[in-house]
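Engineer: Sequence:
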Amino acid sequence: MIKEEVYLINCDTSPFCPRGWEVLEHKKGGLLTWDPDEIRLYAPKRLLWVHKKKRIWGDISGYMVKKRIGNKFALNANILDYLLRYPKLIPEKWKNVSVYFFGTIYHCGYDEAVRCLVWDSSKWRSGYMPLNEDGSFWGDDNPIALLNCQK
Numbered sequence: 001m002i003k004e005e006v007y008l009i010n011c012d013t014s015p016f017c018p019r020g021w022e023v024l025e026h027k028k029g030g031l032l033t034w035d036p037d038e039i040r041l042y043a044p045k046r047l048l049w050v051h052k053k054k055r056i057w058g059d060i061s062g063y064m065v066k067k068r069i070g071n072k073f074a075l076n077a078n079i080l081d082y083l084l085r086y087p088k089l090i091p092e093k094w095k096n097v098s099v100y101f102f103g104t105i106y107h108c109g110y111d112e113a114v115r116c117l118v119w120d121s122s123k124w125r126s127g128y129m130p131l132n133e134d135g136s137f138w139g140d141d142n143p144i145a146l147l148n149c150q151k
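Residue numbering for the sequence shown follows our numbering, starting at 1 and increasing by one per position.
Please keep in mind that the hints were generated in silico from the structure rather than gathered at the bench. Source: prediction; values computed, not measured. Heads up, the beta-carbon is just placed ideally off N, CA and C, and yes, glycines get one too. No false leads were mixed into what you were given.
List of simulated lysine-lysine pairs, DSBU-like, C-alpha gap at most 35 Å: (1) K27 x K67; (2) K95 x K3; (3) K66 x K93; (4) K28 x K93; (5) K88 x K28; (6) K3 x K123; (7) K123 x K93; (8) K123 x K27; (9) K95 x K27; (10) K93 x K72; (11) K72 x K123; (12) K66 x K123.
What follows is a list of derived Cβ distance ranges for each label pair: (13) G20 x L147: 28 to 34 Å; (14) L147 x Y110: 26 to 32 Å; (15) N132 x P87: 25 to 31 Å.
Take the sequences, apply the hints, and build the full model.
Structural biologist: See the structure below:
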């Protein structure tokens with residue numbers, strides 16, 4: 001009988017905080033058993049509003065994305081950092097996108113920001129995007145990691 005490895009991630013501990021940043025929000029989630037099949041990548045649609053039956057499209061700010069996520073359980077930065085330590089656990093299909101972890105919101109000196117997991121042609125690294133209103137693009141290439149159980 002082959003035993004399957006179990007990977008437990010403590011989502012309650014204080015997250016890593018880059019130098020000069022501060023943690024503004026950190027949604028705790030207890031102990032998470034890592035199972036990529038239980039993670040859903042949510043790509044926010046770029047539809048801003050409908051006016052007289054006409055759809056208006058445009059870039060969505062991180063603040064709007066945060067509002068759309070609402071009560072869904074967005075994975076926090078502890079999971080991001082765990083995956084950076086154990087990259088063999090990262091699903092291959094994530095190499096095509098930058099996966100954001102909205103469960104932890106930072107202040108990065110000039111704005112609020114969210115960290116992400118990025119494939120950099122040869123290795124995984126951490127990146128970030130500000131939540132500002134002027135030009136941050138959120139869509140298919142920048143999905144948010146959510147627990148599948150809260151669809």
